[in-house]
Amino acid sequence: MRDWNDLFTGLDAGSGSATAAAASTTAAAEREGSGRWFSRFKDSMARSRRAMSAQLVVGAFDPEDAATWERIEEGLIAADVGVTSTVAIVERLEAEAAAGRLTTAQDLAAALRRIAAELMRTEQSDRIDITANPTVVMMVGVNGTGKTTTIGKLASRLGAHGHGVVVAAGDTFRAAAAEQLAVWAERSGAEFVRTHDGGDPGAVAWDAIEKASETGAGVVLLDTAGRLHTKTNLMAELEKVHRVLERQLPGAPHETLLSIDATTGQNGMRQAKEFAAAVDVTGIVLTKLDGTSKGGIAVAIAHELGIPIKLVGIGEGVDDLQPFDADDFLQALFPDDLLA
Amino acid sequence: MFDTLQEKLEGTFAGLRSKGKLTEDDIAGALREIRLALLEADVNFKVVKSFVATVKDRLADEKVHEALQPAQQIVKVVNEELVALMGTGQSKLTFSQRGPTIVLMAGLQGSGKTTTTAKLAKLLREQDGKTPALVACDVYRPAAIDQLKTVGAQVGVPVYEQGTDKDPVEIAKWGVQQATDAGADVIIVDTAGRLDIDEQLMGELVAIKKAIKPHNVLLVLDSMTGQEAVSVAERFDAAVAFDGVILTKLDGDARGGAALSVKSVTGKPIKFVALGEQLDALEYFHPDRMASRILGMGDVLTLIEKAEQAFEEDEAADLEARLRKGQFTFDDFLKQMKMMRRMGSFKSILALLPGIPKEIRNIDVDERQIARIEAIVLSMTKEERGNPDLIDGSRRRRIAAGSGHEVQAVNQLIKQFGEMKKMMKMMMKGGGKLPPGFGGDGGAGGGFPGLGGPGAGNMRAGGFPGLGGR
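Top line first, the protein sequences correspond to chains A and B.
Residues 1 to 340 (this note's numbering) make up the first sequence, in order.
Residues 1001 to 1470 (this note's numbering) make up the second sequence, in order.
Excised from the complex, chain A in its bound form:
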C-alpha cells in the first residue's frame, strides 16, 4: 500500500497543535479507508485473476511447453497489456526460463511481476511535487474518463491535509460540468473559479492563479473539457490553456494528469501519445478500475511511452482515489497462484 506521502512531495501532515488532533483523525481514517480500499481493489482484481488463471495451465510450469507460453501471452493480451509490451515481457521471461531460473509456477508469477514492474519504471518521477506555491495541476483526457470526479477527490484529499486549494472549472463545454465541480469544491472547502458556459478556459486558468495568490492557496486544480485526441482544434485549445498557465506563472502547470478509463483497450496508447504531444503529460490517472476491466493498458503506457501512473480510481466515493502502487497492482494482476 502506497502512502499519500509517497505520492506527494511537500504534503502537509496537518502541522500545528490546533490541527494535530484533526490530522491524526485524518490519518486514522485514511488508514482505515486505505484498508477498505485495498481489499476492494483486491476484490476487483480477483476477477481479473480468475480471468487470467482461466487462461493459464493448471500445475507446474513447463518452460518447454509452447502451449504454456501461448497461454501466458493470451493472459497478458486479455488484460489489455497490448502486443508490444506482451512481447517484451514474454521475451524476458523466456530468457530467464532458458537460463534455468524459472522452474515453478510461483517463480513464473514472481518473474512476471518483477519484469512488469521494471518495464513500468519510468525516468519521469512518479511523485507529485506540490512544494511550489502555488502548484498548478491540470487535468486532461478523453470524454467520460473521469476528470471532474478525480479533481473533486484530489481537492478533498489535499483539503483534509490542510492545503488551501483552488478548484477551477475549465470545462466550459459540457452542460453542468461546472455545477458538478462546484459541489465537489464546496464539499472539500476549496475556493471555486468558473466562467459562463462556452467561456474561455484559458481565462478560467488565469483567474484560478489570481485567486490562489489572493487567498494564499497552495494548490490550483484545473479541470478541462473532455476531448477526443484526434480533434486537432480541441487539442490546440488545450495547448493554448497550457501556454496561458506557463505565461502567467513560470513552471506552471507543474503537473498535467491524463485520465485513462481502465476499460479502454489499445486506443489508450493513442490517447496518451496524443495528449503527451500536446501538453506534456506528467502522469496518468487510471480510472474506473472498479469494473471488470484489468487496466493492463497502464503497463503499456508506462513502458512504451514512459509516462508514470500516479493515481487510480476505483469508485465514486472520496476515498476511491488512491496513489498508484505498482506492487499492489501487479500482485493483483499476477498472483502467486497464477498457474493454479
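Calculated from the structure, these hints are not laboratory results.
A couple of the hints might just be wrong.
[Claimed, not checked] Computed cross-link-like contacts, DSBU-like style, restricted to lysine-lysine with a CA-CA straight-line distance of at most 30 Å: (1) A:K273 - B:K1049; (2) B:K1076 - B:K1092; (3) A:K273 - B:K1056; (4) B:K1076 - B:K1049; (5) B:K1092 - B:K1210; (6) B:K1213 - B:K1149; (7) B:K1173 - B:K1130; (8) B:K1335 - B:K1422; (9) A:K231 - B:K1335; (10) B:K1213 - B:K1173; (11) B:K1149 - B:K1092; (12) A:K231 - B:K1149; (13) B:K1338 - A:K231.
Chain A is already provided as a structure; the job is to place chain B on it using the hints.
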C-alpha cells in the same frame, strides 16, 4: 476507423503481392501479421485465435500456394472470413407489424446512449420514413433528461419525460403509452448507463424490458473498449438478450475490434455505427463494407450511397456534362459544394475514402472554411462567376471587402479554382466517369480551393478533387 489494422494488413499483403508464389513460411508470416493486427485492434483474443485458425484451414484446403496469384487469394479468404465473422448482409431493425415499434437502449456509462438515441430517431425518420418519439428514463445522471430533450428538439422528435423522481420502469411504461397515443410508430427508450456487474441496475433494466416488451433491444458500445467488450456484451446479453449493437465514437482513431468480436462471441450483429458528434453521424452497419475497409479497399460503397442521397441525378448529369465541356464556373463550384455539404461533414466523407493517409484523415477540417469560400463566391457578380478572368485587382478588392476577407484569400481561391479546372479538364479527357466532386484516378494535386487554412495543414495535397486518388 481500423486505421492501424488496415495499415498492417496492407503492409502484409503489399509484401505478399510483390512475390510470385507463397511458401509455407510466407503464409505463416501473413497469419502472424493478421493475428497481431487484430489483437492490436482490440479484437478479443479468443476470436482472433479461431479466426486465424479458420483462415489457415481454408488456405490449406484451397492449396493456395499452388495457385497463380496466391496473395490475392489470401486477401480474398481473409475478406470472406471477416465478412462471415461480422455477420452477413445488413441487419435492419425489427419493425412491429401491429402498433408502434419499441426500441430499448442499454449500455455502460459514457458509451453514448443519449446522443445515439437522438441520432437513431433522426435516421429512422429520414431513411425509413418513420414518426419516432423518445422516452427519457435516465433518472440518475444529472442533466441526462435535459440532454435528451435538447437533442430530441434538435432532430425534431418529441421527448416524453417525468423528471427524476419517478421509477424508471414506470416512466418507460407511461412514456410508451403517451407516445403511442400521440401516434408515434417508433418509440425509443433511453436508459441510464450501468456497470454490467451492478446487479441492482441490471435488474432494473430487466424490469423495464419486461414492462414495455421492446421489439429491439440495442446495446450501445464504445468502440474504444478493450478486451472486456466481449464480456460486457455477454453480461448484457444474459440479462436482456439484446438484438444488436450500436458501435459509437468510431470518428476517433479507435480500431474498433469489438465489431469483429461481439458478433462472433454473442451471435448478435452490429446494427449501426456512430461516426461523429453531429446528429446525422449514424449509419447502418455493413459487414461487407467494413471487411473491405479492413483490407484497405476503402468504404467506397457507403460513400456512393451517401452521394446518391445527396445528389439529384439531373443536377449531377448536368454538372458532369459541363465538366466535360470544360465549362466549369464558380456557379458550378458553388453548386458542387452545396451537394457536398448535403453528404455530411467533410471529415466524415474523408473517413470513407480508401488510401487516404491517416495524417490527412485525422486532421480537423474547419467546416467554416467552406462557408468562407461560399461568402467569397457569393460576393462575385454573375459575370465574374462565369468568367473568372474578368476579376482584376480592383474587382478582387471589392470582392474581398464584400465578403469580409483579405485580398489574399480571394487571390488564393481564384488561383486554386484555376488549377482545379485545369485538372478536371485533364481528367475528363481521360474519359473516366466522375461522380461530381470526386476525382477519379486523379490523385495528386488539386485541392479544394481555400481549405488549406489553419488546421487544415496538408489538406491541399490530397484534397479535392483527387480525393479518390490512389
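Quiz item: Holds or violated: A:K231 with B:K1149, Cα cutoff 30 Å?
Solution: Distance of about 26 Å is within 30 Å: holds.
Quiz item: Straight-line Cα separation of B:K1076 and B:K1049 no greater than 30 Å?
Solution: holds (19 Å)
Quiz item: Within 30 Å, alpha carbon to alpha carbon, are B:K1092 and B:K1210?
Solution: At roughly 23 Å apart (the allowed maximum being 30 Å), B:K1210 and B:K1092 satisfy the hint.
Quiz item: Is B:K1213 close enough to B:K1173, meaning Cα to Cα at most 30 Å?
Solution: holds (10 Å)
Quiz item: Do the alpha carbons of A:K273 and B:K1056 lie within 30 Å of each other, as the hint requires?
Solution: Since the Cα atoms of A:K273 and B:K1056 sit roughly 35 Å apart, the hinted pair is violated (cutoff 30 Å).
Quiz item: Are the Cα positions of B:K1149 and B:K1092 separated by 30 Å at most?
Solution: Roughly 26 Å between the alpha carbons, so the hint for B:K1149 and B:K1092 holds.
Quiz prompt | Straight-line alpha-carbon gap B:K1335 to B:K1422, limit 30 Å | solution = holds (19 Å)
Quiz item: Going straight from one Cα to the other, do B:K1338 and A:K231 come out at no more than 30 Å?
Solution: Roughly 24 Å between the alpha carbons, so the hint for B:K1338 and A:K231 holds.
Quiz item: Hey, B:K1213 versus B:K1149, does the alpha-carbon distance stay inside 30 Å?
Solution: Given that 30 Å is the threshold and the Cα spacing comes to 24 Å, the pair holds.
Practice problem: Would you mind confirming whether the straight-line C-alpha gap from B:K1076 to B:K1092 stays at or under 30 Å? | Solution: Answer holds: B:K1076 to B:K1092 is near 26 Å, not above 30 Å.
Quiz prompt | Restraint status (C-alpha distance of A:K231 to B:K1335 at most 30 Å) | solution = Given pair A:K231, B:K1335 holds - Cα atoms ~28 Å apart, limit 30 Å.
Practice problem: Would you mind confirming whether the straight-line C-alpha gap from A:K273 to B:K1049 stays at or under 30 Å? | Solution: Given pair A:K273, B:K1049 holds - Cα atoms ~29 Å apart, limit 30 Å.
Going down the numbered hints, you'll see the structure goes against just number 3.
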